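Visitor: Based on the provided sequences and hints, a complete structural model is requested.
These protein sequences, in sequence, are chains H and Z.
Take any residue in the first sequence, note its place counting from 1, add 262, and you have its number in our numbering.
Take any residue in the second sequence, note its place counting from 1, add 262, and you have its number in our numbering.
Each hint should be verified, as a subset may be incorrect.
What the hints assert, rightly or not - To spell it out: a stretch of chain Z is covered by chain H in this simulated footprint if at least three of its residues, at any positions, have a beta carbon under 8 Å from a beta carbon of chain H; those stretches are:
(1) 289 to 298
(2) 358 to 366
(3) 389 to 395
Said to hold, decoys possible - No more than 30 Å apart at the CA atoms, straight line, and that leaves these computed lysine-lysine pairs for BS3-like:
(4) Z:LYS475 <-> H:LYS364
(5) H:LYS348 <-> H:LYS722
(6) Z:LYS492 <-> Z:LYS590
(7) Z:LYS602 <-> H:LYS318
(8) Z:LYS653 <-> Z:LYS548
(9) H:LYS364 <-> Z:LYS392
(10) H:LYS372 <-> Z:LYS338
(11) H:LYS364 <-> Z:LYS318
(12) Z:LYS756 <-> Z:LYS715
(13) Z:LYS364 <-> H:LYS348
(14) H:LYS323 <-> Z:LYS475
(15) H:LYS348 <-> Z:LYS348
(16) H:LYS653 <-> H:LYS590
(17) Z:LYS338 <-> H:LYS318
(18) Z:LYS555 <-> Z:LYS590
(19) H:LYS323 <-> Z:LYS568
(20) Z:LYS590 <-> H:LYS392
(21) Z:LYS523 <-> Z:LYS555
To be clear, the hints were calculated from the coordinates, so they are not data collected in a lab.
All of these numbers come straight from a predicted model, not from anything done at the bench.
Beta carbons are placed, not taken as given, at the ideal position from N, Cα and C, and that holds for glycine.
Protein chains: 2
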Amino acid sequence: MSKITLRSLDFPKWYLDIIRECDLAELSDVPGCMVIKPRGYALWETMQRILDGMFKATGHKNAYFPLFIPKSYLAKEAETIEGFAKECAVVTHHRLKLEDGKLIVDPDAKLAEELIIRPTSETIIWKTYKGWVQSYRDLPILINQWANVVRWEMRTRMFLRTAEFLWQEGHTAHRTCEEAEEEATRMINVYRTFAEDYMAMPVIVGRKTKGEKFPGAHHTYTIEAMLQDKKALQAGTSHHLGTTFAQAFDVHFLDSDGQRKPVWATSWGVSTRLIGALIMSHSDDKGLVLPPKMATTHLVIVPIWKNPEERAKVGEVAQSIADGVTAKGFVAYIDDREDKNPGWKFTDAERSGIPIRIEVGQRDLASGIVVLVRRDNMAKQQVAVGEAVDKVVSELGAMQREMLERARQFRQDNTREIGSIQELTEFLDNDGGFAEVFLDTSIDTDVRIRDLKSGRGRDKSLGATVRCILPSSATPGKCIVTGNSTTDRVIVAKAY
Amino acid sequence: MSKITLRSLDFPKWYLDIIRECDLAELSDVPGCMVIKPRGYALWETMQRILDGMFKATGHKNAYFPLFIPKSYLAKEAETIEGFAKECAVVTHHRLKLEDGKLIVDPDAKLAEELIIRPTSETIIWKTYKGWVQSYRDLPILINQWANVVRWEMRTRMFLRTAEFLWQEGHTAHRTCEEAEEEATRMINVYRTFAEDYMAMPVIVGRKTKGEKFPGAHHTYTIEAMLQDKKALQAGTSHHLGTTFAQAFDVHFLDSDGQRKPVWATSWGVSTRLIGALIMSHSDDKGLVLPPKMATTHLVIVPIWKNPEERAKVGEVAQSIADGVTAKGFVAYIDDREDKNPGWKFTDAERSGIPIRIEVGQRDLASGIVVLVRRDNMAKQQVAVGEAVDKVVSELGAMQREMLERARQFRQDNTREIGSIQELTEFLDNDGGFAEVFLDTSIDTDVRIRDLKSGRGRDKSLGATVRCILPSSATPGKCIVTGNSTTDRVIVAKAY
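Guide: Right under this line is the structure:
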């Protein structure tokens, strides 16, 4: 096993070390694309299983729409062109051929219309919905899709930003603006619940500014997480799309009052980016730290022996604890490999992020105890053999709660109310974290924030962005950009 | 609800009617691509859930590899060029731009190397495995991927053959030829088990002829199903790939004897084509017929009432049966919509393929009974209210078994031992079905079979293909093409 860089020394390098050493993913030769290895993919499968259940519980069904989007679809909606029709993968031909022993693109197989690999599916889905909606009785349509999408990113970062990524995209159609608004807020709250109750990652729910919202959306809700380096990460978004796509693709319905009306839309998505968020929220210098609800193995038992007789004894206890924990619905693994010593096994389990370790040794067993170690705080305790199963279950629950509390405390400790540009610059140049400021969001103040320079050098960008607009303040304050009075409050931070 | 064409009148049209009327899928505007609607996708989700469990139970893990394959990868393996590098989607550019108000492909954004949308992932996966394998200790690698793939098909058929389709592809790496062979046969048997025990679709397991095997494979195992029109459908394949891809991508390992050796490979896959197979195996002129293990709703209860008082009474009984069935682990649905009459609800449930219907009417209830109707044979029976739950459970089991038996009987009734080309032509021109023949597969007799003409017109093809090679016969027979003695037995049939 190789060394993992300390977070305090180089956070971005630590992140890449974790991905490599915990065997989560690797870069491929294909520009901007990664291979998600079994351990990384298992995290995605856990996320999919939980989220899919939450989507179905809120009335959604899964479907599947084509990977390809005709170029003319993208051209239908002006803001879509601006937002998505730029850096994308363009299919122009449908055949290769051998010529003089070389494999070339067959010039005779040029497509009449170029096809774009979906960067997101609003256009093709709304083209399809047109055939599904005639009357108000056909509404709402509540559909989700699990899919791969492609955005041609020049600067990639494992899990956080890759050319191809996996995600889910919900696309719903409604009779009224109010229903669409209700759906958009319902789904951002589903994401919040998932982030907090399962990933143990506290998030702030807010609206994006005009410059940061989804192209064509009325408004966009976001969940923003603070990672261990105090930077913000947009972890999921839910868009109230208004009637933008209904207008672009002529999707109207006959309402009960006999009027022909455009259909209201939402879309919402989270992606494999959540794996990056999970890593950067909790993991430490020893490796992965996973909240129990995200782990596929909850308990590793390491039996320690010197001879076959001892091995039989500790093995029996290990098995009985494993059986007891399995019966409670958790996954236990006994690491009784003969070619590895206990120290190696401890390190291996710590690196993999298994929430709880139990060491079963001959000497402890003589006193009727085993040693239990929690991965998040590395706290060691002695537990009576007969109480081990219950203790594992209660510690898993405690760990899930405490990881969320600890992350919440960390965010609170690194959030500051800021009253001026100068104070903001100093805060982000030095401590870093979330700045809560008054900002008049009715004008393009977000661009002014983005253009701020660091106090450390004339041309260095401060790297600050408005992450989200918070609920309005009861009492107005002074906009840090314009100096005018406003009730708009926002979070400003450096971000991924 | 529109009419469904009778199978006996026009089987292909019946198939399309079922897909449309049961709301499973529709064609999109994108050439060769379909939209899989929620009811169709639910079938795929059921298949995924069951198969994924079977893959994991046999030691496989899921991972994800890039959608894009550099053109040079395809060029590495000669048979891959022949088999897959022809009709495919080619990405040549990575940007669009607006010029004079028109959205065009940016000529400045031409890729240095064209990317192909994966038609199958052997090449990119073996390029990746090269980095994973050094020693025999790194083997085996047992990985599966759930993904979309694209093969530019000119003539498409819903679910059976579309340009983009969804599938799983297993890709394993082994130390020896024997291990690879064991894996390839293990997985074709997993597919057989799935087809028979879950889809109630009997299949014949055999090997493909040289002309029909996977490009570059040592040999290919297939499961072949007989559909209701007596045509064959290849429902899944498992390939022993030998060391073809190890040689092409230089994947070698240091064995325990100190020798550097090439790695042995298998790959295996099933796709959304199985949805087409499921429909054409069991469905009838009334709509979908689903084996209970493939259904998402197992029981529909239709309460029949004339007034609120009756409604309360039948509703109570309906609920108690639904609760009982749910407690047994099945999904029950009470169709108490007020704006539809019972007849409409019966037709709706029949069309959707819900395995069992229970009618709860006031008059029957006075005698303490309800009416139970099984979807597969439409048999009606009166059941005492107190026995309804147990009866539903036992009928679900019986239905699952009997659907398989019935399909097996159908295949047996339509399989014939055939001794000559003339007899084969007559059989396929008239009755149709599976012909079991002696055929010397050591030479290209499969091409001769494919080239056979119908007896009905000089230039009409018979449409016969060798579906698979059966286990060798104990006693030799006469090859129907060459007349030579051979122990090779094959199935010849018309096929999708």
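Visitor: Could you run down the list of hints and mark each one as holding or not?
Guide: Hint by hint, here is what the structure shows:
| no. | hint | in the structure |
| --- | --- | --- |
| 1 | 289 to 298 | holds (count 7) |
| 2 | 358 to 366 | holds (count 5) |
| 3 | 389 to 395 | holds (count 3) |
| 4 | Z:LYS475 <-> H:LYS364 | holds (25 Å) |
| 5 | H:LYS348 <-> H:LYS722 | holds (27 Å) |
| 6 | Z:LYS492 <-> Z:LYS590 | violated (37 Å) |
| 7 | Z:LYS602 <-> H:LYS318 | holds (26 Å) |
| 8 | Z:LYS653 <-> Z:LYS548 | holds (24 Å) |
| 9 | H:LYS364 <-> Z:LYS392 | holds (24 Å) |
| 10 | H:LYS372 <-> Z:LYS338 | holds (24 Å) |
| 11 | H:LYS364 <-> Z:LYS318 | violated (41 Å) |
| 12 | Z:LYS756 <-> Z:LYS715 | holds (12 Å) |
| 13 | Z:LYS364 <-> H:LYS348 | holds (13 Å) |
| 14 | H:LYS323 <-> Z:LYS475 | violated (38 Å) |
| 15 | H:LYS348 <-> Z:LYS348 | holds (28 Å) |
| 16 | H:LYS653 <-> H:LYS590 | holds (12 Å) |
| 17 | Z:LYS338 <-> H:LYS318 | violated (45 Å) |
| 18 | Z:LYS555 <-> Z:LYS590 | holds (14 Å) |
| 19 | H:LYS323 <-> Z:LYS568 | violated (34 Å) |
| 20 | Z:LYS590 <-> H:LYS392 | violated (41 Å) |
| 21 | Z:LYS523 <-> Z:LYS555 | violated (44 Å) |
Hints 6, 11, 14, 17, 19, 20 and 21, counting from the list given before, are not met by this structure.
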